[in-house]
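Novice: Sequence:
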Amino acid sequence: MDRDRYSIYISNVSDITDEDNLISYFSQFGTIESYTYFPKTPQRNSAAVIIAYGLSVDIDSIIKNNQRKKFDDHILFLRRTLPCTRPAFERFMSSNELVVSLDKLNNDKQFNEINIKKYFSKYGKIVSCRIIIPFRTFLIGFIEGNNVDCAILDEPHYYNENKLILRKYISPNRIDLFRTHKNLFDKNNKNINYSFSEQIRRLKHIIEALQFGQKIQLNLIKYSYDNKKIKFNREHNDDSMKLFIQLKNICNYMNKDIEQMKEKNSFFKLMIEQTQGIKKNIIDLYKKKIKNEHYRFNQLKEVIDLFNTI
Numbered sequence: 002m003d004r005d006r007y008s009i010y011i012s013n014v015s016d017i018t019d020e021d022n023l024i025s026y027f028s029q030f031g032t033i034e035s036y037t038y039f040p041k042t043p044q045r046n047s048a049a050v051i052i053a054y055g056l057s058v059d060i061d062s063i064i065k066n067n068q069r070k071k072f073d074d075h076i077l078f079l080r081r082t083l084p085c086t087r088p089a090f091e092r093f094m095s096s097n098e099l100v101v102s103l104d105k106l107n108n109d110k111q112f113n114e115i116n117i118k119k120y121f122s123k124y125g126k127i128v129s130c131r132i133i134i135p136f137r138t139f140l141i142g143f144i145e146g147n148n149v150d151c152a153i154l155d156e157p158h159y160y161n162e163n164k165l166i167l168r169k170y171i172s173p174n175r176i177d178l179f180r181t182h183k184n185l186f187d188k189n190n191k192n193i194n195y196s197f198s199e200q201i202r203r204l205k206h207i208i209e210a211l212q213f214g215q216k217i218q219l220n221l222i223k224y225s226y227d228n229k230k231i232k233f234n235r236e237h238n239d240d241s242m243k244l245f246i247q248l249k250n251i252c253n254y255m256n257k258d259i260e261q262m263k264e265k266n267s268f269f270k271l272m273i274e275q276t277q278g279i280k281k282n283i284i285d286l287y288k289k290k291i292k293n294e295h296y297r298f299n300q301l302k303e304v305i306d307l308f309n310t311i
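With the numbering used here applied, the sequence shown corresponds to residues 2 to 311, in that order.
Hints in this document: simulated from the structure, not taken from any laboratory.
Here the structure is a predicted model, which is why all the values come from computation and not from measurement.
Just so you know, not all the hints are guaranteed correct.
[Stated by the list, open to error] Taking lysine-lysine pairs in the BS3-like style, the calculated list, with each CA pair at most 25 angstroms apart, reads:
1. Lys265 x Lys205
2. Lys223 x Lys257
3. Lys164 x Lys123
4. Lys118 x Lys229
5. Lys270 x Lys229
6. Lys265 x Lys288
7. Lys223 x Lys105
8. Lys257 x Lys232
9. Lys205 x Lys216
10. Lys126 x Lys70
11. Lys216 x Lys265
12. Lys243 x Lys118
13. Lys105 x Lys164
14. Lys243 x Lys257
15. Lys65 x Lys126
16. Lys110 x Lys223
17. Lys216 x Lys257
18. Lys263 x Lys216
19. Lys41 x Lys71
20. Lys249 x Lys216
21. Lys280 x Lys205
22. Lys205 x Lys270
23. Lys257 x Lys270
24. Lys216 x Lys110
25. Lys292 x Lys302
[Stated by the list, open to error] Label-pair distances were calculated between CB atoms; the ranges are:
26. Asn46 x Phe268: 20 to 26 angstroms
27. Leu248 x Ile76: 43 to 49 angstroms
28. Ile251 x Gln212: 22 to 28 angstroms
Virtual Cβ for every residue (Gly too), placed ideally from N, Cα, C.
Construct the complete structure from the given sequences, taking the supplied hints into account.
Specialist: Structure (structure tokens):
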């Protein structure tokens, strides 16, 4: 049994909320086998709790009926817990968008928007389905983030015996908005005294999410451009010049977007290099201190030996 299917993460808990009262409230929806409470700290701006329910508990109903519920003047945010094997940004950020792609390239024309929407509609209402790479990769937009988590938890998925790869999509704009927020990746972490290596690890998670989001965004822009270009080539009328100008503007916007993304990548690369340099300096300093302490110890030993001979 996958325990993640029966666990929920509740965040934004008020610091005045009594732990027992909160657990008592959620126990009315089913048997709670265990829970872990994370109190508010200087590094965590609000308390949180992970609740593991027993079998036959309708987690979807709990999330739907209590999402954004007001509890002690705080609005609670609920989501499923994903396995630790998933990318960090998927586990610690919610999204209602899911990237679906074939594991291997093939010429299956049935792998299209209509059929892929039909397949994943069992997880909830789909509000959009965008082509990233024709007959290979799609971006599905659900009405709720819980739909995305349920689809991921049901892996592996197959379509016409072809394995599907699922990834949660977080837009680069959202990642850029929260990249300086130190609470972004503290959701399931009990150890709040962040070490130097922990800060580097969290920075790598942000970069991983940003790079994946930028890759998807670039492919979406490319498909949009290619699609408009095909339409342009098919049309031979008075509107051709107008369409050409529109395409040229799109190219200009694409170039600007690419340059901005390059600048962001350079910024994160510089941050990693700087942190690695600081780490090396700290290590060298401690090595020097240890060497000095050894020297002082040897001097003291010589003095003691000298006194013993008198």
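Novice: Each hint: holds or not?
Specialist: Tested hints:
This hinted pair checks out: Lys265 and Lys205 have alpha carbons roughly 14 angstroms apart, not beyond 25 angstroms. About 14 angstroms separates the Cα atoms of Lys223 and Lys257, which keeps this hinted pair within 25 angstroms; it holds. Note on Lys164 and Lys123: the hinted pairing holds, with a Cα-Cα distance of about 18 angstroms set against a maximum of 25 angstroms. For the proposed pair Lys118 and Lys229, the alpha carbon gap of about 23 angstroms is at most 25 angstroms, so the pair holds.
For the hint linking Lys270 to Lys229, the alpha-carbon distance of about 34 angstroms lies beyond 25 angstroms, and the restraint is violated. Our distance criterion of 25 angstroms between C-alpha atoms is broken by Lys265 and Lys288, whose separation comes to about 35 angstroms. Simply put, Lys223 and Lys105 have alpha-carbon atoms about 21 angstroms apart, close enough for the 25 angstroms limit, and the pair holds. Note on Lys257 and Lys232: the hinted pairing holds, with a Cα-Cα distance of about 24 angstroms set against a maximum of 25 angstroms.
For the given pair, Lys205 sits about 16 angstroms from Lys216 by alpha-carbon distance, which is consistent with the 25 angstroms threshold. With a C-alpha separation of about 22 angstroms, the suggested pair Lys126 and Lys70 falls inside the 25 angstroms cut-off, and the hint holds. Taking the CA atoms of Lys216 and Lys265, the gap is about 13 angstroms. The hint holds against a cut of 25 angstroms. With a C-alpha separation of about 34 angstroms, the suggested pairing of Lys243 with Lys118 is violated against the 25 angstroms cut-off.
Proximity of Lys105 to Lys164 is assessed by CA-CA distance (about 8 angstroms); at most 25 angstroms being required, the pair is judged to hold. Straight-line distance between C-alpha atoms of Lys243 and Lys257 comes to about 21 angstroms, which keeps the hinted pair within the 25 angstroms bound. Between Lys65 and Lys126 the CA atoms are separated by roughly 13 angstroms; this keeps the pair inside 25 angstroms, and the hint holds. Of the pairs offered as hints, the one joining Lys110 and Lys223 holds, with about 20 angstroms between alpha carbons and a cut-off of 25 angstroms not exceeded.
Of the supplied pair hints, the one linking Lys216 and Lys257 holds, its CA atoms being roughly 15 angstroms apart against a limit of 25 angstroms. Restraint check for Lys263 and Lys216: the C-alpha separation of about 12 angstroms stays at or below 25 angstroms, so the hint holds. With a CA separation close to 18 angstroms, the supplied pair Lys41 and Lys71 stays within the 25 angstroms bound. Straight-line distance between C-alpha atoms of Lys249 and Lys216 comes to about 22 angstroms, which keeps the hinted pair within the 25 angstroms bound.
Of the pairs offered as hints, the one joining Lys280 and Lys205 holds, with about 15 angstroms between alpha carbons and a cut-off of 25 angstroms not exceeded. At most 25 angstroms may separate the alpha-carbon atoms for a hinted pair to count; Lys205 and Lys270 meet this at roughly 10 angstroms. Proposed proximity of Lys257 and Lys270 is supported: the alpha carbons are some 20 angstroms apart, at most 25 angstroms. Restraint check for Lys216 and Lys110: satisfied, since their Cα atoms lie roughly 24 angstroms apart, inside the 25 angstroms limit.
This hinted pair checks out: Lys292 and Lys302 have alpha carbons roughly 15 angstroms apart, not beyond 25 angstroms. For Asn46 and Phe268, the hinted distance range of 20 to 26 angstroms is satisfied, since their beta carbons lie about 25 angstroms from each other. Separated by about 44 angstroms at the C-beta atoms, Leu248 and Ile76 satisfy the suggested range of 43 to 49 angstroms. For Ile251 and Gln212, the hinted distance range of 22 to 28 angstroms is satisfied, since their beta carbons lie about 23 angstroms from each other.
Hint compliance for this structure: hints 5, 6 and 12 are broken, all remaining hints hold.
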